[in-house]
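K.L.:
Residues in the sequence shown are numbered from 74 upward in steps of one, following our numbering.
It is worth saying that the hints were derived from the structure and are not from the lab.
Hints may contain errors.
DSSO-like mimics (lysine-lysine), calculated; alpha carbons at most 27 angstroms apart, straight line [stated by the list, open to error]:
1. Lys-81 - Lys-122
2. Lys-81 - Lys-147
3. Lys-96 - Lys-147
4. Lys-89 - Lys-147
5. Lys-96 - Lys-81
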Amino acid sequence: MDLYQAIKAHGEWRWKFRMAIGKGDRLDTHSISSDDRCPLGQWLHSEGKRHYANLPAYTECLHQHAVFHREAAKVAQTINAQRYDDAELMLLPGTPYSNSSVAIGTAIIHLRNALRWD
74 MDLYQAIKAH GEWRWKFRMA IGKGDRLDTH SISSDDRCPL GQWLHSEGKR HYANLPAYTE
134 CLHQHAVFHR EAAKVAQTIN AQRYDDAELM LLPGTPYSNS SVAIGTAIIH LRNALRWD
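Kindly produce the complete structure, drawing on both the sequences and the hints.
P.N.:
Put into structure tokens, the structure is as follows:
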């Protein structure tokens, strides 16, 4: 699992949301809310779980990943409701979405450090 790529991919959601707001695109909230569909989620729920479920850093990453996807789905639902100003506000620093984005990045770094991956 490329944990650096996982950080990048989850960080790119803010940009994807802003693009959807700008274009008026609809988003697949079901997929966004599912924490087992992206590459990190697939790994966390399969190989990662088999090998690292005993590590506190794994447990925290699994939890923060689920929280991130729940918060991202809330932003997507707001965009789909065409409440674009509200969606923009949800992306600001200090919001649940923004906090969850920081938390998943931090959790991935802690997991990488626990695994001693380069």
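K.L.:
Under the constraints set out in the numbered hints, which ones does this structure not fulfil?
P.N.:
none
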